[in-house]
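Asks: As a plain string of letters, each chain reads:
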Amino acid sequence: MSVEQQIGKLQGLLERVKRNAALPRQAAPPVAAAAPVEAVAPPADEDVEDVDLLDEDIVDLTADELGAEEIGAAEISAEEIAATGPELEEDIFFEDEEEIEPPASSRRPKVAASMDEALAGAAELEMDQGREVPLKTPPPESGRQVAALPPQGLRQPAPPVDFGSDVDDLLEADISSGTQHAKPAGPTPEQLGQTIDLEEGGGASLELDAPVQAPEPSKPEELEAPLPPSEAHGSYSAGLAPPPGARAELEARRRREAEPAAAPSAPPPAPAGEVEPEVVQRPAVVASGPAAQFLAAHREFKPESFLELLDASLSLGK
Amino acid sequence: MAQTRFDPSQAVKFDLGRGVVQLDGSADRLLVPVDALLALCSSAGDEAARDFGRKIGSEVGRRAAGRLGTAAQAGLEDVLEHLGGDLALAGFGSLGIERWGRALVMTVSDSPLGAAGDPLLAAVLEGAIQRALGRDVSVVPLSRDEQWARLLVVGEKAATRVRGWLAEGVAWGDALARLHSRGDA
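Order-wise, the sequence lines are chains A and B.
Numbering-wise (this note's numbering), the first sequence opens with residue 1 and increments by one.
Numbering-wise (this note's numbering), the second sequence opens with residue 1 and increments by one.
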């Protein structure tokens, strides 16, 4: 394929990108401040604008054609990007581009088949860019260093993600366990790249609830997983069944407490079918006179004169 | 009844010029030591001492009977008042009366004769009661402590039984109970 053909294809691709950018997007719902967790964007791979690229539109920039395509690609990007303005930048998103913008002459790294090939590619890239990229981690005192992008073969492959209902499960698991890395509270760079300025609303006023101060989960210790929060803290489960006989005992206690204390002798109501004794009580004693009566040990003798007593004493022993 | 209260005023007269002691309405008196009297009674024997005591008691009974009037109508308090007064005036101690059922018990406290003089004291009471009330009685000493002497007034036969029980070691209370059970009370 000649350079002119590739330029033509790129121009066609640029037009398709422009058309897709002109299409109306589904606006994202306003994110409430009270639910920042739900506002966490899915992985970056999902937010990439779906750009339908046909096979013929894909430009295969391999190492064999680098020498001829570098100049063309640099020219096209410099011209077309300047012509299309910021809209193109919104639609075309490259990962990690926000932090380190690659030079215009960057190329897609070729997938290295082995470690040696990857190292050789990195060295070649260094030679091409004319900069010295340390292969090893420089010491901290050496200042800011330029890190080369590792070849694709060395990158950790992204975990397979099912974009069905499993996404929500994974997100909930991340929130509940808290063992994942903390995600930024604000929008991700991917979201910023797709932000669409909304027009000012009319007369409608939105009322937002006051943000609920959610308790921050404690930072888990290493190798220690926190228990999931539960709503039954300090309470009993309503589904627990009472022990057998507890209801009857409770009713009996309530009856005893309800009985007046002035009638303790009243027999409690016997349950039906229970054998009770026949009690015969002694009737109350109604005394017509004094209960005690003193009986004389001998015939009462009360002399009226001394001579009478003397005669009685003289009569003793006869 | 002549009078209710015993009045000892002017009862004893000491004529120091003549060296005579006189008791109102009685013959001359002689003041002698108690120890000498007891020694005399002890040497004279029981029967002589009993006669000696009855003579003393007869004089006491005569003086009390003059104040009691009709002895048959005299009450316990009247007899105790005048008979006890005359005994106290003679120096035999303070008289008291107890009634144990039908038994008459006389008590004498602070007698100068002591335990050794109880037989003499009993003879004095026998003479006084016989002269004042006209009944022959036998007085048996029942008990004695440092201050009090308790004496039972009964007939001659009962007195012999009680003396026998007391000699056997029967308590005086039990002796009184036995006396009542054997009698017609």
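One should not assume that every hint holds.
[What the hints assert, rightly or not] With a straight-line cut-off of 20 Å between C-alpha atoms, the simulated SDA-like cross-links for lysine to any residue are:
hint, chain 1, residue 1, chain 2, residue 2
1, A, Lys318, B, Lys157
2, A, Lys302, B, Gln22
3, B, Lys55, B, Gly101
[Said to hold, decoys possible] A few chain B residues that face chain A, going by a derived Cβ cut-off under 10 Å, partial list only:
hint, residue
4, Ile56
5, Ala72
6, Gly75
7, Gly101
8, Arg131
9, Arg135
10, Leu152
11, Val153
12, Ala158
13, Gly173
14, Leu179
[What the hints assert, rightly or not] Some but not every residue of chain B turned toward chain A, in silico, with C-beta under 7 Å:
hint, residue
15, Arg102
16, Leu104
17, Val154
18, Arg163
In case anyone wonders, no lab produced these hints; they're calculated from the structure.
By construction, the Cβ of each residue, glycine as well, lies at the ideal position given by its N, Cα and C atoms.
Asks: Please go over all the hints and tell whether each is borne out by the structure.
Replies: Hints, verified against the model:
{"no.": "1", "hint": "A:Lys318 x B:Lys157", "in the structure": "holds, 7 Å"}
{"no.": "2", "hint": "A:Lys302 x B:Gln22", "in the structure": "violated, 40 Å"}
{"no.": "3", "hint": "B:Lys55 x B:Gly101", "in the structure": "violated, 30 Å"}
{"no.": "4", "hint": "Ile56", "in the structure": "violated, 20 Å"}
{"no.": "5", "hint": "Ala72", "in the structure": "holds, 5 Å"}
{"no.": "6", "hint": "Gly75", "in the structure": "holds, 6 Å"}
{"no.": "7", "hint": "Gly101", "in the structure": "holds, 6 Å"}
{"no.": "8", "hint": "Arg131", "in the structure": "violated, 13 Å"}
{"no.": "9", "hint": "Arg135", "in the structure": "holds, 6 Å"}
{"no.": "10", "hint": "Leu152", "in the structure": "holds, 8 Å"}
{"no.": "11", "hint": "Val153", "in the structure": "holds, 5 Å"}
{"no.": "12", "hint": "Ala158", "in the structure": "holds, 2 Å"}
{"no.": "13", "hint": "Gly173", "in the structure": "violated, 14 Å"}
{"no.": "14", "hint": "Leu179", "in the structure": "holds, 5 Å"}
{"no.": "15", "hint": "Arg102", "in the structure": "holds, 4 Å"}
{"no.": "16", "hint": "Leu104", "in the structure": "holds, 4 Å"}
{"no.": "17", "hint": "Val154", "in the structure": "holds, 5 Å"}
{"no.": "18", "hint": "Arg163", "in the structure": "violated, 11 Å"}
Hints 2, 3, 4, 8, 13 and 18 from the list above are not met by this structure, while the remaining hints are.
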